[in-house]
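**Student:** Line order of the protein sequences matches chains A and B.
Letter by letter, the first sequence follows residues 1 to 422 of the working numbering.
Letter by letter, the second sequence follows residues 1 to 270 of the working numbering.
Be a bit skeptical, because a hint or two may be false.
[As the list claims (entries may be wrong)] As a list, the in silico DSS-like pairs of lysine-lysine whose alpha-carbon atoms are at most 30 Å apart: (1) B:Lys188 with A:Lys415; (2) A:Lys100 with B:Lys208; (3) A:Lys137 with A:Lys330.
FYI, nobody ran anything at the bench for these hints, they're computed from the structure.
The structure displayed is predicted, hence computed values, not measured ones.
The residues making up each chain are set out below.
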Amino acid sequence: MTAAAPNDFARSKQAREAENMLDHIVDDFDDNLASMTYFYDLFRRVYIQGEDIRPKGIQVGTTCIQAPEELIHAFGAHPVRLCNGSYHYDQIGADFMPAKSCSLVKATLGMLCSENPVPRVGKLDLVVNPTTCDQKKKASAMMEGMGHTVFDLELPNVKESEASRVYWQRSVREFAERLRALTGKRLTRKNLLAAMAKTRRAEMAFRTMDTFRQRQPAVLLGKDVFLVTNAFFFDDIERWTEAVEALNQELAARAESGVTAAQRKAPRIVFTGSPPIFPNLKLPILIEQAGGVVVADETCSANRMLYDMTAVDEWLVNDMVDSLADKYLKPCTCPIFTRNEDRQRRLLELAAKFSADGVVYQSFAGCQVYEMEQKSIADLLNAQGIPMLYVETDYSPDDMGQLSTRIEAFLESIKTRKRNRK
Amino acid sequence: MTYFAGIDIGSTAIKVALVHGDGTLAGAHVTASGSLFHKNAKEALQGLLDRHGLRREQVRYLIATGYGRKLFKEADDSISEITANAIGAHEAGKAFGGVRTIINIGGQDSKAIQIDGEGGVVNFAMNDKCAAGTGRFLDVAARNLDLDLEDLGDIHFNGAGAALSINSTCTVFAESEIIGLLANGHGKGEIVAGIHYSIARRTVRLAKRVGIEDRVYFDGGPALNKGLVAAIEDELGRQLVVPEHPQTTTAFGAAILARSEYLAEQGDEA
Chain A
1 MTAAAPNDFA RSKQAREAEN MLDHIVDDFD DNLASMTYFY DLFRRVYIQG
51 EDIRPKGIQV GTTCIQAPEE LIHAFGAHPV RLCNGSYHYD QIGADFMPAK
101 SCSLVKATLG MLCSENPVPR VGKLDLVVNP TTCDQKKKAS AMMEGMGHTV
151 FDLELPNVKE SEASRVYWQR SVREFAERLR ALTGKRLTRK NLLAAMAKTR
201 RAEMAFRTMD TFRQRQPAVL LGKDVFLVTN AFFFDDIERW TEAVEALNQE
251 LAARAESGVT AAQRKAPRIV FTGSPPIFPN LKLPILIEQA GGVVVADETC
301 SANRMLYDMT AVDEWLVNDM VDSLADKYLK PCTCPIFTRN EDRQRRLLEL
351 AAKFSADGVV YQSFAGCQVY EMEQKSIADL LNAQGIPMLY VETDYSPDDM
401 GQLSTRIEAF LESIKTRKRN RK
Chain B
1 MTYFAGIDIG STAIKVALVH GDGTLAGAHV TASGSLFHKN AKEALQGLLD
51 RHGLRREQVR YLIATGYGRK LFKEADDSIS EITANAIGAH EAGKAFGGVR
101 TIINIGGQDS KAIQIDGEGG VVNFAMNDKC AAGTGRFLDV AARNLDLDLE
151 DLGDIHFNGA GAALSINSTC TVFAESEIIG LLANGHGKGE IVAGIHYSIA
201 RRTVRLAKRV GIEDRVYFDG GPALNKGLVA AIEDELGRQL VVPEHPQTTT
251 AFGAAILARS EYLAEQGDEA
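So here's chain A without its partners, still in its complex pose (with noise of 0.2 Å):
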C-alpha cells in the first residue's frame, strides 16, 4: 500500500459519515426487511468503498429534478443527480460560498469541485442546471468556473399560466437540440417512448411502495423508503426498479403476514420541506429512532421526484416533447414558484391519505423559499388540528442532541393529544 495522498484522507472522512449513517440506518432498526440489502449494499458499495458504478457512456449531471430524465435516456445517456447530503462536501463548499447559503447547493458544489467526488461523477459530459432557487441559478456560473460545461434550463416562476407552460416547452425543447449536439444522436418517436417506459415502471415500481405506507401499523419505515429514493439518483434505473419491486413483493408478504415495522400506536409523520439527501438522513432517523415513522412525505428526494406520470396522448415526437414538459412543470409543488397552493393540497392530500398525526417540516438553514413558507404552512395545517414541527438545521451533526429533544416532545405532545382525544 502506498501512503495515504490527501484525497484518500477526505474521501476517508467522506466515508466514515458515510458509514455512520449506513449504521445507524442498518443497525438501530430490528427485522429489516432482505430486499433492503440490495440497497444497504449499493451504498456501501458507492459510498463506503467508492466503487465507480456508473455505466459507459455520455454522463449528464442533473442538479434538480426539474431536468427531465427521459430526454436524457433518449439521446442514449446517462443522468446522475448532483445533489449532495455530505457535511464533508458542504464545508469544503463553504470555503468559498457564503456562509448563509443552503447546505445542499454548498455541498453539490464542495463535491463537484472536488478532485474525488462520491458518488463517482467523474467527468461530466454536460450538467443541466434548472434555474430553480436563487443559488441553484447562481450556481451555474461557479460550475463553470470548475470546469464543467452548464446547461440553464429556464424554468418560470409561476406555473399557472399558459406563457410559463410556453415557455418551459420550449426550453425543454432546446434542452433537447443540446443533447442532440452533444450525443450526435437523434430524438425518434421510439426512442423516447422507450425512455418514457422505462421511467413510468421505475415510477410504477415507487408508487406500490408507496401505497404500502398507507397500512396501519406500518410495514416499511421512512428511513428505507429515503435510502431508496436516493439510490434512484445514481443507480442504473433498470436494476433499480427491479430492487423495489422485489421489495414490493416482500412488502406484500409481510403485510399478509402482519409483520409490522413500528409499533401500532407509533405516530405518523408527514416529512415535508428541504429534502434528506444521503447521507444527510439526519432528521427522519431522528423521528424514527424515537418511536416515530415517517409515512409519507412531500420532497423533492422521494414523493416528488417519483410520483407523477408522463401521460402521453400525444404521437408525434415534438408533442411527446410538450407532454414531457407539462410533468415536470404542472404537478411540481416546490416552494420556488409564487403561489404555491398545490403544495398546500398536496399536503393535507397526505395527511389525509396516510393517516397521519403530525407533519414535520425541515429547512435547510439558508434556504429562504421554504424558510418563508413554513409560516402559511403551519397556519394551514393547525386549523385542520395537525401539528407540525419545524425544524431549521443544516448537515453538520452539532444539533443532534437538541434535535431529538425537540423531536421526542414532538412526538409526545402528538401522543398525550390523541390519548385525550379518547
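Given the coordinates of chain A, work out where chain B should sit on it, guided by the hints.
**Tutor:** Here is chain B on its own, set in the frame of chain A:
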C-alpha cells in the same frame, strides 16, 4: 413510605426532585453538571435521598429528562424536557391560578411552550442552535463585566441612565459589543440592563411564535435573576408567574410523571 423522583440532567446543572406518594413535592436539589455528569447525576440523586434519610428502594419510579437523559441508565424511563417542563409548570402553576404559557431559559437553550388545561403540550418553540438569549449568554456577559452571575439581578436596577441596547444576536459578537460599551465609558448597570432587555426581546419573540395565552410561567436558572424577570415583563406587557425554585420545575414534572407511570403500571397489573 413510597416516593417518586425526577432527575433533569441539563448542560449546566443537574436538578433532582422528589415527590411523596400523593404527588406533592418532598424536596429538590440542584448541583452543577460538571464534566462527569453521569457520576454527578448519581451523586445528586443520592445526596437528595440522604438529606431526607431515604433509601434508594423507597423511590419506586425514576424518570430522567434533560440532555443527559438517555445515558442515565439508573432511571426507569426518560422523557423530553419539554413534556416534563409542561407537566411541572402545570402542577406548580395551579397555586397561581393555572398557567398556559411557559417560558423556560436553560443553560444552552430557551423554550416557549403553550399547554392546555391538562398540562399537555399544544405547541412549542426552541431556539435554533445558537446560545444567544440563554443562561450561557448571561454567564459570558457576567465574565466580561467582571461580575458574579448572581449579582446581575441587582445591578440591573442600579443603572444611572436608560438601558443600553445590545443588538448583536450572537453571543460572540455580543461579547465584543459589551467590551466596546465598557470602553466607551458606559456604566455596568446600563450594560447589564441592556443585556437583559436583549434576552427578553428574543425570548418574547419566541413566545409569540407559539402564541401567548393567559398566565405566563417563567422558569429555568435565569428566572432567579430579578433584573431579567423585570425586563421580560416589560417586553411582554404582563406579569410573569415565577415559582420559588424555578430551576427544579422540569425535574418536578419528571417526578410527577414517574408517579403516574408507576400507578398506570400497577393498574395494568391489578
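**Student:** Is the Cα-Cα distance between A:Lys100 and B:Lys208 30 Å or less?
**Tutor:** holds (25 Å)
**Student:** Take a quick look at whether A:Lys137 and A:Lys330 sit within 30 Å of each other, Cα to Cα.
**Tutor:** holds (20 Å)
**Student:** For the pair supplied as a hint, B:Lys188 and A:Lys415, is the alpha-carbon distance within the 30 Å limit?
**Tutor:** Violated: B:Lys188 and A:Lys415 sit about 48 Å apart, past 30 Å.
In summary, the one numbered hint that this structure violates is 1.
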